[in-house]
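From just these sequences and the hints, can you work out the full model?
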Amino acid sequence: MKLALKLLIRDWRGGELTLLLAALIIAVGTVTTITLFVDRLQQALLLESASFIAADRVISASRPIETALLARADEYNLQRSATVSFLSMVFSEERAQLAAVKAVDDGYPLRGKLIIADEPFGSGRPTGTGPQPGSVWMESRLFPSLDTRPGASVDVGALTLPIAEVLLKEPDRGGGFDTVAPRVIMHLSDVDGTEIIQPGSRVTYRYLFSGDEDNLKAWAASVRPDLPEDTRLYGVKEGAEEIGEALSKAERFLLLGGLLGVILAGVAIALAANRYAHRHFDHVAILKTLGATPARIDQIYLVIFIGLGLAATLIGAALGLIVQAAVAEVLRPLLPVALPAPTMKPVLLGLTTGMVCLLSFALPPLLTLRNADPVRVIRRDLDTANPSSLVAYGFGGLGTFGLMWWYSQDLRLTVLLFIGGLVAVSILGLLALLLVRSGRQVGLQAGSAWRLAVAGLQRRQLESALQILAFGLALMLLLTLFLVRTSLLSEWRNQIPADAPNHFAMNILPEERGEIRAFLDVAKVTVTPEYPMIRGRITQLNGVAVAELTRTDGGERGAPRLSSTRNLTAAAVLPKDNKILSGAWFSPTSQVSEVSVEAEFAKSNGLKLGDILVFEIEGRALSAEVTSVRSVAWDNLQPNFYLIFSPQMLIDFPSTFMTSFFLDADQKALLSPLLRQFPTMTVLEVDALIEQIRTIVAQVTLAVEFMLVLILMSGAMVLLASIQASLDERMKQFVILRTLGASNQLVRSSLALEFAVLGAFAGLLAALGAELTVYGLEREIFDLDYTPTPWLWALGPILGAGLISVIGMLATRRVLDQSPVAVLRDLA
Amino acid sequence: MIKTNDVCKVVKTSEGALVILEGITLEINQGESVAIVGASGSGKTTLLSLLAGLDSPSEGAIVLGGDQDITVMSEAQRAKLRGEMVGFVFQTFQLLSSLTALENVMLPGELRGDPKAEHNAKKLLDRVGLGHRLQHYPRQLSGGEQQRVAIARAFASNPKILFADEPTGNLDAKTGAKIIDLLFDLNADFGTTLVLVTHDARLASRCERSILIEAGQLVSEVLETSAATA
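Order-wise, the sequence lines are chains L and D. The first sequence lines up with residues 1 to 828 when you count with the numbering used here. The second sequence lines up with residues 829 to 1058 when you count with the numbering used here.
Hint data in this document are derived by calculation from the structure and do not stem from the laboratory. Hints may be right or wrong, so weigh each one.
[Claimed, not checked] PhoX-like mimics (lysine-lysine), calculated; alpha carbons at most 25 Å apart, straight line: (1) K6/L to K950/D; (2) K579/L to K608/L; (3) K2/L to K951/D; (4) K908/D to K2/L; (5) K950/D to K1006/D; (6) K579/L to K603/L.
What follows is the structure, given as structure tokens:
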């Protein structure tokens, strides 16, 4: 033990451990930094996103939920609040308007703020609570519709209540079209006085909860089984589809990045440990001649391993803490929200990851040292033992698999990725070997520097192929991450373009269409195409009444139901961001009754092409055949529909129209005269929502970019470790060449060319690997559209050649300036 | 002290079995100094590695210290025996590059758990004339100095037998002569049995006896007079 510690310290002093320790520290540091920063960002994102549902979790129900069940949240230290929503006519002295009334208690909102103003469409200020009992707040657009002003009174059911504030934004308003009616907020204690809620009334009860995430999970698991059939318990991801998808994708990206980081770090550790073991083979042989038994060797290197591991994980974790704190500090002015304090969990995660990496990547090469043959001290040529072995690879594979599983919590995904990875590594390895062999032809016909470079690669065929593989894998992972990141960011940017419509106009009467368009044209406002809109429901499927059908498809609770009353439309052109998955879009000349169905709706209700649906619209029956199934980008903030009829079908029905348009802050004042002139029209403002989504996307983007930088650092470490691993062999070659009289220039150029050829081959493999991986990832995991990247095939080899030769020449620069004797002594 | 009986070493190559040593039977007495000589590739270094228990013979027996048949021992048992009985000096010095001169010499004592390892190592380094270079690393020492450290290390375990493989092979004539003197002086002081492999006639002539190996076979034993009669 004492001797082992002494050897550890002496090795450290002698510089033998520098690379291994650096690889370990960077591995642990990277993982800790990533997990810490991502944890803090995720916490911040969840807090920010939670404002989308005004809580962390919501139970939504059509009937009140028992108090005892709700009180269970208190056992988990959760805050709670309740809201009740219903539609009701609201009356001013002159006019009446249908409004979406929401009654809230004193705790509302648990997350996010309400924004209120003194004047309709005025500038807002945030507030943390709803209206006081005995007053209401009304949305801006209700004021022109009711021809009233703040301070006046309105009748809500049997109560007359003064309008205390103008409501600009409520956190959980969302962008759905079931909430098109203008909002009135009142206090929950006033609801009974309105006498609106009667048996049979359509009322939505929402119970809001917030608190510590672990407590929330435990609480949700406890109450879920006891909830009545028609209730829904959801968090922000299910509750706010506009951002839920972006959040899930970002999480998957960060997870993928973390995984790649760990694998890269593992490769760096394995390479560094292999080099250490290789260099210590002779040391062990000497120790054996001096009387050290194999068990003693194991003992010595285990102590070295543990000492090294402890030092590296502690330094790495501390470094991770410092780096992420520094990054958070630097980014603070850019972050739209304050980051919550880091928790200990990621630090533990980093430490554990570091130890697992060590166990699976560094320990196996060290343990093979016991097999060093003592006869090496006399006959080094007899034994060129390689510290790598099947056992070592097995350990590495097992560790990688374990870490992937642990990180992803998804066995199927892990098995798929792992097997895919193994196949890719085997194929790429084979290709690397072929490339090295084919290089001979080129090399022989070239100048002396080229010939030397290629000969160098040829002499160590297997090592060169392995090195190309290691470089190639590191480059491939970096390119993959870069490509996926670029696709994600561009998808997010495209999701809400700068001039995306931020106002929706609905309930436009057919006779007012022209006038409204003219009004907006005068103000130079661009209006999107209009859609007819009419309420209706499906009554029959293939001749069977819907009421008799049961959902046998296992469709999730909360999935769209067949029988619900829905907004229906007709269109000649496939709406933006919709994609036909099966069947065909209506032909322009179609006179047949056709309907196009959204994919999720079709799946959860078992609809397929050729099904005949009978609708009830305005008391009349209408039959149509399903001729296409569409996917819809629900997060694009455009008018989206589950069911679209062929153009001619709704002509005979008294539908209203909807459209959308973009107004900047200066044009907001147009809304008052517009609504006064067309009082039946409803305008839905989604600019606040868009702003909120942009904020979150900006944060997610930042997290993704940050992850990329960290992974780049890990990748560079792998490249460095890999070059260092082959340095001794290269230096011997250098000494021989120099002794034979080769000029420094020739040695340098041949070395640079050797690195460049290695890099170019690795880059070529990386391009191939990245293209295939990105194809798989974007299609299967990220649900993105894959587009081939031809420039990758040029960039890969150039990037590889440039990167490897620069790092390689930097790593060998010091040695190249020394005399051959000095180099030989260093190698001895 | 060392006894072999019909020792053979055969290795497998791609062209079939290659006999490196065949039918080696010899005996070396306690305190004796013996040179193994022969042309390059004759098998003398292989014989040394077998005698020292660094390698195992394909056939035959090798007994050290009167009763220790190293051919039936495991690697762990042989290592233990080496630590207790045997010291080595190599042509390429074989110092651990990450350790200082002092640390290299301390190593055998430390492996045995000897609390006086450092004290003994300093005394030995003084004895070989390197008392002023204790903290130098091998790369900071000349070839002759490195070999002196190696000799000090070889005697640090107070061995009964010292094996030396071309101890002057990497040194110039003048330095080599000094190293030979040092080796034999220490050998006399410690009363060690010395077995060395060499091409150097001067070195061989300092031994009491020479064993000539040709094409893997022991062809003659030449009794040297210079050392024996000295």
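Unsatisfied constraints (hint numbers, rising): none
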